[in-house]
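As a plain string of letters, each chain reads:
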Amino acid sequence: MQRALVAGVLMGATLSLLGVFVVLRRSAFFGDAVAHFAFAGIALGFLFAMNPIVAAVFVSLFLALGMGYLQNHAPTQSLDTIIGIFFSGAAALGIFIIGLLEGYRVDLFQFLFGDIIAISFQDVITALFISVLVGIIFFLTWKPLFKITFNREIAQVSGVRVRFYEYLFLGLLAVVTAMSIKVVGIILVPALLVIPAAAAKNISRTFRQMMVYALLIGVLSVFMGLMGSFYFNTASGATIVLFSIFIFIATLLGRSYNRRMDK
Amino acid sequence: MATISVRNLHVTLNSHHILDGLSFNIEKGDIAAIIGPNGSGKTTLLKAMLGLVPYQGEIQILGRAPWELAEIASKIGYVPQRLEFDRTMPVIVEELLKAHLSAKNSLPKDTLALIGVKALLSQSLGSLSGGEFQRVLLGLAMLNEPEILFLDEPAASIDIEGAAEVYKLMETLRKEKAITTVLVSHDVDVVYRYANSVLCVNHKLLCKGIPEKALTKEVIEKLYGGNQAVYAHKEKRNV
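Which chain is which? The protein sequence lines are A and B, in order.
Numbering-wise (our numbering), the first sequence opens with residue 1 and increments by one.
Numbering-wise (our numbering), the second sequence opens with residue 1001 and increments by one.
Be a bit skeptical, because a hint or two may be false.
What the hints assert, rightly or not - No farther apart than 25 Å at their CA atoms in a straight line, the calculated lysine-lysine pairs in the DSS-like style are these:
#: 1; chain 1: B; residue 1: Lys1175; chain 2: B; residue 2: Lys1109
#: 2; chain 1: B; residue 1: Lys1098; chain 2: A; residue 2: Lys143
#: 3; chain 1: B; residue 1: Lys1177; chain 2: B; residue 2: Lys1098
#: 4; chain 1: A; residue 1: Lys143; chain 2: B; residue 2: Lys1104
#: 5; chain 1: A; residue 1: Lys143; chain 2: B; residue 2: Lys1175
#: 6; chain 1: A; residue 1: Lys143; chain 2: B; residue 2: Lys1109
#: 7; chain 1: B; residue 1: Lys1075; chain 2: A; residue 2: Lys143
Unchecked claim - With the Cβ distance kept under 7 Å, some of the chain A side facing chain B (calculated, not the full set):
#: 8; residue: Leu24
#: 9; residue: Lys143
#: 10; residue: Phe146
#: 11; residue: Asn151
#: 12; residue: Gly159
#: 13; residue: Thr206
#: 14; residue: Phe207
#: 15; residue: Met210
Calculated from the structure, these hints are not laboratory results.
Just so we're clear, the structure is a prediction, and the values are computed from it rather than from any experiment.
C-beta atoms are modelled at their ideal positions from N, C-alpha and C, and glycine is treated no differently.
Using the sequences and the accompanying hints, generate a full structural model.
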C-alpha cells in the first residue's frame, strides 16, 4: 500500500502537470490514443516475453512520434482523423495480439484497470526517476510550450523551435502514460491526464495557478482514490478517477457560485 | 541595404501557385502596405517573409533568410490576421507578455503605456474586448523593441473606432520608434492614410512605390476589377 501511494502520487502529479497542456491544447482525445498505444505495447510485451511496461514505453513513444509526424506531413487529414486512425489501429493491434497469446492472461487485465498490489519497489524507483526527469524537463520547457499553446505562429516567429517542442511534449506524454499504467490502468490514465487539469482550469485566473492547482488536485485524487480503493476493496484506477471527478464537480460548482456572487 | 529584400519569390501550396515571381525592397522606417483582393496571396507573402510557409526565391530580412530569423527573433514583431485562441484559457495579460519576453529584457512599460496595454496588465485575456485584445497583440509584437513589425490585417476583427485606434498606434510607433512596418490590408483608404509605400499583389506584383503614384486607375481595376477609382483623401497623413 505504501509503495502504491508513493508511486501513485508521483505519477498522478506528473500526469496532471502534463495534463495542463493537454487540456489547454484541446487534445484530450490524444491522451486516449496514447493510452491505447501502451495497450498495444503491453500486448506485444506479453507476446515476446518482455517486460510489458518497457514494451509499452517504446511502442507508445514510437506511435506518438509517428502520429506527430503525420500531423505535420499529411495536411489533407485533420488532427482528429489522424488520432482516430492511430487510436483504432493500436486498440485493434492489442486485441489481435491478445488473441495470439496462449490461454487466458489475467496479467493483462491488471494493466487495463490498474493493480496497486502488483507495484514493486523497483516500480517506485522508476516512478521517482520518471517524475524527477519529467519535472526538470517541464521546468525548462514550460515557457516555449505555453507560447505554442497560445499561438503556434507567434511562437515560431519569436524564435521557438515549435516542432522540436511539440515532439518533446508527445514523447513525454507517451512515456509518462505508459509508466502510469500499472497504477491507474490503461482505460483510466487519460482521465487522470485530463480531469485534474480541467478542474484546475475551473478555479484558476492565471496560468501559474492552473499548474499548481492541477498538481495538487492530481496528487489529492490519487491519494484519496488509493485510500478509498484499499478500504472499499475496489479497483484503484476507478476509485482514483471517481475522486478526481468529484473534485471536478466541486470546482465547477465553486466557479458557478463565484460568478453568481460577482454579478 | 534594404531592411527587407525579396527576389523572384514563388510560393506553391497544395499544387496551387499562390505567388509568382515577386521582387521588391522595403526600406528602414517605411510603413509598407501589401494590398490586394481576398485570396490574392497577401497573407502568404507575409508568411513567406516570416518563414511560416515554404517558398522558392530569395528573401532577406535584416540580412538574414527567413529560416535564420530565430537568431534575430527579438528584432521581429508579428500580429497574425485571425488569432485562434481559447478565450477560456486562464491567463492574464502580464503573464502572457512576460512569457514572450527575451531573457535579458524587462517589460517595456513606456511602450506598453503608449499602446494602452499598461492598464490591462492584470486583466485576464478572456475578459478583453476585441480592441483591447488587438492592443495586447500589438504590445506582444512590440515587447522586445523590434526593428520590424509584420501586421496582417491588424484591425480585421474589431469595430471601426478600434481599427482607427490600431492604425494610429502604428503611426505613433513609426514616429516615436522608427519601426519598419509591413502591413497587410485590403482597404485602400488605410493605405492612403497611413502607408508611405505600397505593394499591390494579385498572385503577381502589380505595382510598387508611394501610394499616390503607384495606385493608378488601371492598377486598381486590375486588382479589384470593374470601374473602380481612387480619390485622394483631404486629410493626408504622414509622408
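Evaluation of the provided hints:
1. Restraint check: the Cα-Cα separation between B/Lys1175 and B/Lys1109 comes to about 18 Å, which is no more than 25 Å; the hinted pair holds.
2. For a cut-off of 25 Å, the pair hint linking B/Lys1098 to A/Lys143 stands: about 10 Å separates their Cα positions.
3. With a C-alpha separation of about 21 Å, the suggested pairing of B/Lys1177 with B/Lys1098 holds against the 25 Å cut-off.
4. For the suggested pair A/Lys143 and B/Lys1104, the alpha carbons sit about 15 Å apart, so the restraint of at most 25 Å is met.
5. Proximity of A/Lys143 to B/Lys1175 is assessed by CA-CA distance (about 33 Å); at most 25 Å being required, the pair is judged violated.
6. For the given pair, A/Lys143 sits about 21 Å from B/Lys1109 by alpha-carbon distance, which is consistent with the 25 Å threshold.
7. Only pairs whose Cα atoms come within 25 Å are accepted, and B/Lys1075 paired with A/Lys143 is accepted, the gap being roughly 19 Å.
8. The restraint placing A/Leu24 at the interface with chain B holds, with a minimum CB-CB distance near 6 Å, inside the 7 Å limit.
9. Evaluation of the A/Lys143 hint against chain B yields a held restraint, the C-beta minimum of about 5 Å falling below 7 Å.
10. A distance limit of 7 Å between C-beta atoms decides the matter here; for A/Phe146 the minimum to chain B is near 5 Å, and the interface restraint holds.
11. Interface hint at A/Asn151: satisfied, since its Cβ lies 6 Å from the closest Cβ of chain B, which is below the 7 Å cut-off.
12. Checking A/Gly159 against chain B by beta carbon gives a least distance of about 3 Å; that is within 7 Å, so the hint holds.
13. A distance limit of 7 Å between C-beta atoms decides the matter here; for A/Thr206 the minimum to chain B is near 5 Å, and the interface restraint holds.
14. The interface hint given for A/Phe207 holds, since its Cβ lies 5 Å from the closest Cβ of chain B, which is under the 7 Å cut-off.
15. The beta carbon of A/Met210 comes within 5 Å of a beta carbon in chain B, closer than 7 Å, and the hint placing it at the interface holds.
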